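S.K.: Please build the complete structure, drawing on both the sequences and the hints.
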Amino acid sequence: AKIFYRTVLVRLISTAKTGFFYQCQRPRLSEKLSAMKYDPKVKQHVLFVEGKR
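The numbering used here puts the first residue of the sequence shown at 2, with every later residue one more than the last.
Because the hints were derived from the structure by calculation, they are not lab data. Owing to the predicted nature of the structure, the values given are computational and were not obtained by experimental measurement. Glycine included, every Cβ here is placed at the ideal spot set by N, Cα and C.
Okay, derived cross-link-like pairs now, SDA-like style, lysine to any residue, Cα gap no bigger than 20 Å in a straight line:
(1) K42 <-> T19
(2) K18 <-> A36
(3) K38 <-> T16
(4) K18 <-> G52
(5) K44 <-> T16
(6) K53 <-> T19
(7) K18 <-> K42
(8) K53 <-> D40
(9) K18 <-> E51
(10) K42 <-> G52
(11) K38 <-> F21
(12) K44 <-> T19
(13) K38 <-> C25
(14) K38 <-> G20
(15) K38 <-> Q24
(16) K33 <-> E51
(17) K33 <-> K53
(18) K3 <-> L30
(19) K53 <-> A36
(20) K44 <-> G20
The calculated label-pair distances, taken between Cβ atoms and stated as ranges, are:
(21) V43 <-> A2: 39 to 47 Å
(22) Y39 <-> A2: 35 to 43 Å
(23) R7 <-> S35: 18 to 26 Å
(24) K42 <-> R7: 28 to 36 Å
M.R.: Structure, rendered in structure tokens:
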């Protein structure tokens with residue numbers, strides 16, 4: 002039997018197309034994450050959206 006955890010590990014990918022990402026956890030049943038975070042490659046805050054794990 003496969004184990005399903007309450008949280009999933011997701012990757013937040015920069016929309017500036019730099020390839021930079023953060024990893025974080027979110028509850029399995031919640032909607033997809035997006036957040037304004039700092040991208041050091043462009044040296045500014047940009048939108049990060051949830052991609053594949």
